[in-house]
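Q: Single-letter residue listing:
Number of protein chains: 2
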Amino acid sequence: MKSSHKNEKEPEIITNKNQMRKWSRAMRSQGKTIGLVPTMGYLHEGHISLIKEAHKLTNLIVVSIYLNPGQFSPTEDLSTYPSDFDGDIQRLMAVPGGVDVVFHPYNLYDYGNSSVGGDSEVEKKGAVSCVEERGLGHETWVRVERLEKGMCGKSRPVFFRGVATVVTKLFNIVEPDVAVFGKKDYQQWRIIQRMVRDLDFSIEVIGSDIVRENDGLAMSSRNVHLSTEERKKALSINRSLSRAKFAAEKGQVNSGELRNMIIQEINEAGGRIDYAEIVDQETLEAVEEIKSPVVFCIAAWFGKVRLIDNMEINI
Amino acid sequence: MKSSHKNEKEPEIITNKNQMRKWSRAMRSQGKTIGLVPTMGYLHEGHISLIKEAHKLTNLIVVSIYLNPGQFSPTEDLSTYPSDFDGDIQRLMAVPGGVDVVFHPYNLYDYGNSSVGGDSEVEKKGAVSCVEERGLGHETWVRVERLEKGMCGKSRPVFFRGVATVVTKLFNIVEPDVAVFGKKDYQQWRIIQRMVRDLDFSIEVIGSDIVRENDGLAMSSRNVHLSTEERKKALSINRSLSRAKFAAEKGQVNSGELRNMIIQEINEAGGRIDYAEIVDQETLEAVEEIKSPVVFCIAAWFGKVRLIDNMEINI
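Same order as they appear, the protein sequences are chains A and B. In terms of this note's numbering, the first sequence has 257 at position 272, counting the first letter as 1, and numbering is strictly consecutive. In terms of this note's numbering, the second sequence has 239 at position 254, counting the first letter as 1, and numbering is strictly consecutive.
These are computed hints drawn from the structure, not numbers from a lab. Among the clues, some could well be false.
[Claimed, not checked] Straight-line Cα separation of at most 30 Å, DSS-like style, residue types lysine-lysine; simulated pairs:
1) A:Lys2 / B:Lys139
2) B:Lys7 / B:Lys37
3) B:Lys7 / A:Lys17
4) B:Lys2 / A:Lys7
5) A:Lys235 / A:Lys218
6) A:Lys41 / B:Lys139
7) A:Lys37 / A:Lys230
8) B:Lys230 / B:Lys217
9) A:Lys37 / B:Lys139
10) A:Lys7 / B:Lys230
11) B:Lys134 / A:Lys139
12) A:Lys134 / B:Lys37
[What the hints assert, rightly or not] Computed footprint of chain B on chain A, listed as stretches where at least three residues anywhere in the stretch have a Cβ under 8 Å from a Cβ of chain B:
13) 124 to 138
14) 149 to 155
We put the beta carbon where it would ideally sit given N, CA and C, even for glycine.
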């Protein structure tokens, strides 16, 4: 992905919180608006589409690249989460209009007097848990209590707490006017929207449409871990969602029937369902019959890779 | 408390969130710094001392007056909490230097589609619980998980969640540079400090010393509910704290002995102890022996009034 077009803009890389805030405040005092695209790195076309969305809305773009330990439980894949910082910068330089700042902190948590602490230690991925039992380490968490409960919240109990908290931190550090999130992480997007409303952040939260590979697989940094065979099986997710959507639009409004269709198709392809739910687009509460806008949400395992995807149905 | 000195400054009263933020941003763009003093109204000399403290640090002062339903449980005294808005404004006008803005919102919570909602409804104190079981009402809470557990957190389980959440909201609306809290609410002060650190608010949190009546009773809006007799009994709190402090400074470092002294004195005066603890000033963990800076914290009932008080011991 290396390239050297003359019009490529090299982003300023900022690793320090205070420097980041200083930059934002300087820009705001010049009347500039700032868009934030929070990421965990290993950027793909899905991320790029978020940046393009932000470009429509603000003068300046900050992309944060931070693999947030606070949203992984000890048994999850923090240690194997893919990363490629240099490649990410190349990809960002290729985006039309570029990005102004990459905010890339080593660590955003205060570990107090605990033995985990220190930036160098924290950089060793996998060794980190920012949840301390005692002492002066990080202990403040933002919880969106209803929306965080279902779907991904069931199988990943600390996930949304970690997401809402790190996004709060990023909001307070970057102080953007707009933040763009992918609708692929539908529940996350709704949680951040609700959090922004409930905590009175002066930030517009934008949900950006899912970007898919040519074969229909929703783009995800985790796709890189799929074997060729698993990847082929994983297409059952998008296929089953499309079929269910088609059926719903043709008049099948019974959620149970639609869910069964989806589950059967993914199971037959060799996937292991974590959840397949048809929920209200705002409350994320399961519906029995589709009478208003809903979203079909799926999480399924293919080998050791857990994938999520969803499709909105606006009938 | 009416007065009409020529040099009194009338504060601007702002009730709308967006207007409040607009004011702050306009001031900041002029290079002014803003101090916030969050209150629930019924202002007394303790509050005034917080404003004086803020005056030392910032160009402009915002006092928020908002009786936060989110920090009261249904069984607590939201409905009888005293208020006197006109008197509060008079008191603020008498403060040297005055205050610039009184932020006095009717309601800071979004009740979604629930039946509780609506500003007018919310104004009826006592009818309000902002914790909804379902629907689109407020559901985001900030929790400082370790510090919120002990002392007042034990007998008031939703209290600090409500405090941390409303303070987050006020911080996001007012966007101050400095916020001043009273050390009378010691646990609250430490929780806000920790929250600001953990969530990367760019706000300096100041703890201001307890202000006492001439007879030693810590100033509190709730003191007005004490009968003459109860008030006399309540002096046992400050008296016992002072004695325990004196004993500690003379070499009594056993927390158990000191606690017993305090408990006995308050019990004998007719108070009912909620808690009497000797804790580390930062972690708020109970200590058995005083070896480093601690604080004696007390909550006790006199009749139907629950009072809190504390004293730092720096040995």
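Q: Would you mind marking each hint as holding or not holding in the structure?
A: A quick look at each hint next to the structure:
no. : hint                : verdict
1   : A:Lys2 / B:Lys139   : violated (35 Å)
2   : B:Lys7 / B:Lys37    : holds (25 Å)
3   : B:Lys7 / A:Lys17    : holds (16 Å)
4   : B:Lys2 / A:Lys7     : holds (25 Å)
5   : A:Lys235 / A:Lys218 : holds (26 Å)
6   : A:Lys41 / B:Lys139  : violated (49 Å)
7   : A:Lys37 / A:Lys230  : holds (27 Å)
8   : B:Lys230 / B:Lys217 : holds (21 Å)
9   : A:Lys37 / B:Lys139  : violated (49 Å)
10  : A:Lys7 / B:Lys230   : violated (44 Å)
11  : B:Lys134 / A:Lys139 : holds (25 Å)
12  : A:Lys134 / B:Lys37  : violated (44 Å)
13  : 124 to 138          : holds (count 9)
14  : 149 to 155          : holds (count 4)
Comparing the model with each earlier hint shows violations of hints 1, 6, 9, 10, 12; every other hint is respected.
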